[in-house]
Amino acid sequence: MKKMTRDDLEKCAQNTCQSTQYIKVGMSTCGIAAGAQDVFDIFAKEVKTRDINVNVCKTGCIGMCHAEPVVEVAVEGLPAVMYGGVTKEVALRILEEHVCGKRFVNDHIFDLPVRR
Amino acid sequence: MEKKVILIKDTGFKSDTTRDIQSLFLKAIRDIGAEESIQIVRAADLGIYNQGVVVKILPDNTVYTHINSDNIDQIVKAVHKGEVLENLLLKDRVEQTRIVLRNCGVIDPENIEEYFSKGGYTSIAKCLFDLTPAKVIKEMKKSGLRGRGGAGFPTWMKWSFAANSFGDEKYVICNADEGDPGAYMDRSVLEGDPHSVIEGMTIAGYAIGAKHGYFYIRAEYPLAIERVENALKQAYERGLLGKNILGSDFSFDLEIRLGAGAFVCGEETALIASIEGKRGTPNPRPPYPTDSGLWKKPSIINNVETLANISAIFQKGGDWFSSIGTEKSKGTKVFAVTGKVKNSGLVEIAMGTSIKDIVYNIGGGVLNEKQLVAVQTGGPSGGVIPKKHLDTPVSYEHLQELGSIMGSGGMIVMDEDDCMVDISKFYLKFCVDESCGKCAPCRIGGYQMLSILNKISEGEGELEDMDKLHRISQAMQKASLCALGQTAPNPVISTLRYFEDEYKQHIIDKKCRAGKCSKLIQYTINPDKCKRCRLCVTNCPVSAITGDREHGYTIDQEKCIRCGRCFEVCKFEAIARV
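If you read the protein sequences in the order shown, they are chains A and B.
FYI, the numbering for the first sequence is 11 to 126, going by this note's numbering.
FYI, the numbering for the second sequence is 89 to 666, going by this note's numbering.
FYI, nobody ran anything at the bench for these hints, they're computed from the structure.
The structure displayed is predicted, hence computed values, not measured ones.
Selected chain B positions facing chain A (in silico; Cβ < 8 Å):
| hint | residue |
| --- | --- |
| 1 | A131 |
| 2 | E183 |
| 3 | R186 |
| 4 | S205 |
| 5 | A213 |
| 6 | F217 |
| 7 | L311 |
| 8 | L328 |
| 9 | L434 |
Distance condition first, Cα-Cα at most 20 Å in a straight line; then the derived SDA-like pairs of lysine to any residue:
| hint | chain 1 | residue 1 | chain 2 | residue 2 |
| --- | --- | --- | --- | --- |
| 10 | A | K112 | B | S125 |
| 11 | B | K165 | B | H154 |
| 12 | A | K112 | A | E56 |
| 13 | A | K112 | B | G121 |
| 14 | A | K68 | A | T39 |
| 15 | A | K21 | B | G335 |
| 16 | B | K91 | A | N116 |
| 17 | B | K229 | B | F241 |
| 18 | B | K543 | B | E588 |
| 19 | B | K214 | B | G297 |
| 20 | B | K115 | A | R113 |
| 21 | A | K13 | B | L334 |
| 22 | A | K112 | B | K91 |
| 23 | B | K299 | B | E343 |
Idealized CB from N, CA, C, for every residue including glycine.
One chain only, chain A, in its complex shape (with noise of 0.2 Å):
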């Protein structure tokens, strides 16, 4: 792989490769014992069997160790929110509701820990 110089950091400061359309499960070790290893994989099947258009991703522990496994959710129209107690169950009505229907879930959102 090639080397980076300093101009090549600095241009990769300036995009964000993040997607406008994600979800993103919290997988650190806290999340993954509390279940989010079968919720990310619930999530990455059924988004390629419904064909649906958003990028689901893996990301570490935003400390919310009593609601965990804890999602992050972003479509476009809606406001990023965080959902916790995720299980397989909820994770598919997230899918449906929130991702398809750009309706809320009930009962599941947290509030960030810290405003973006």
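Starting from the known structure of chain A, arrange chain B on it as the hints suggest.
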């Protein structure tokens, strides 16, 4: 147009009226015909507690508290028009400030491109091309960053000692041997943002003139190790580590060393011995590692959290960093808030935030609405902070004044069900187990203190034992070789200082307020309150409860192991604990 969302949650703890208020909101939204542009959703948690019904409006992030049925039309109209209702707005909200955890939970830790998009590795570029090593240390001095491993030694000073000491080789070591019970900040940083630590170490290497660095990670963190390995590989591939970083003259190599999980190896001299392949036992200081450390060469050892701060300091400047926090403690601190708290998890706050704010506003208060008794900080080297001192701001000095320490960042909330003798016994036992046995004060003193505490918790204690505990503590603090032995008595000293009554209760009255010391309690069934539901009988793990529906039930004290299961399950408070 982006859709507006009203999140709603009843934050009182008596009854949950969220659904009722939600239907009123639905009606109000329908009345003005805004179903398409406004959605009302029940939230699970809004990070606000005891403020009645709370609504939060996205994407504006407006929060209104103490909502009742009269405000609803007003709120819906304001949301529809994009106005703000000043009189209902939440004021003075305690918020986290995230520097160390800035990328945790935001970027994909296994993808270096995402770290680049947050300005990753621009700090090392700035140091290599714009600043001399001396200027790097000067910027660190300006920032006022102090070691986050516990002791709070100024980081710039450590770096300048190592930079000024003579050696053909120098080393940078990242201390990721996190062992305090209930603390996991370092693991989360390594798992969530490994590149920030690598960048911090590279800057440290440039500042002191080191060519080599080591990650010392405990083997119990397999995922952290995997992610750091992956991050190192990615950084090497792109020329961000190795020979001539970014085309400059500076070369730096990083390697991982695994610790076998001995608590003492978090102490710097023991850690060095462990990396060298020797048995992990501490050595007397001086010579300090900055003069003669790893393989007798000048070395610096910094904690994960300290290193994760560094790239942020060079991105935004030392002045920016020193504007956060108190006069002597700059920046932020990450705490792992655990124990009897509603929202356990990682919390990063600016120094100077009070402990009360952390527990009640960010942590959501004590579980099951019980009374808070104390907060423990600093793990086995720290102490307890009683309820009356909860307004204390978090800083190195303030916590030390109270007889505790900042420590690596464990914060354990304790309620009325926690016995202070039991707590100090737990921490002391941890240190006795983890003592390497090299020096006598720690090895013998710890053991003797533990046996005195055992005696007290079994109801065999005498009043002189409290003096003995004080005397042994002093000997350990003064004569132990390393910080493990010097700080091991801290939990005992601080509980003796604030909860002397509780010790006396154990010694004189032979009673344990919290019902934790099993030798001092007994469970009995009150026949007048007992409804003969048999719930205790089915739940008793040792079948100690006998009897029948006609004659009532009794607990066989010989068989009873005092686990308290019957006490917990009884719905009629018929089980008495004496």
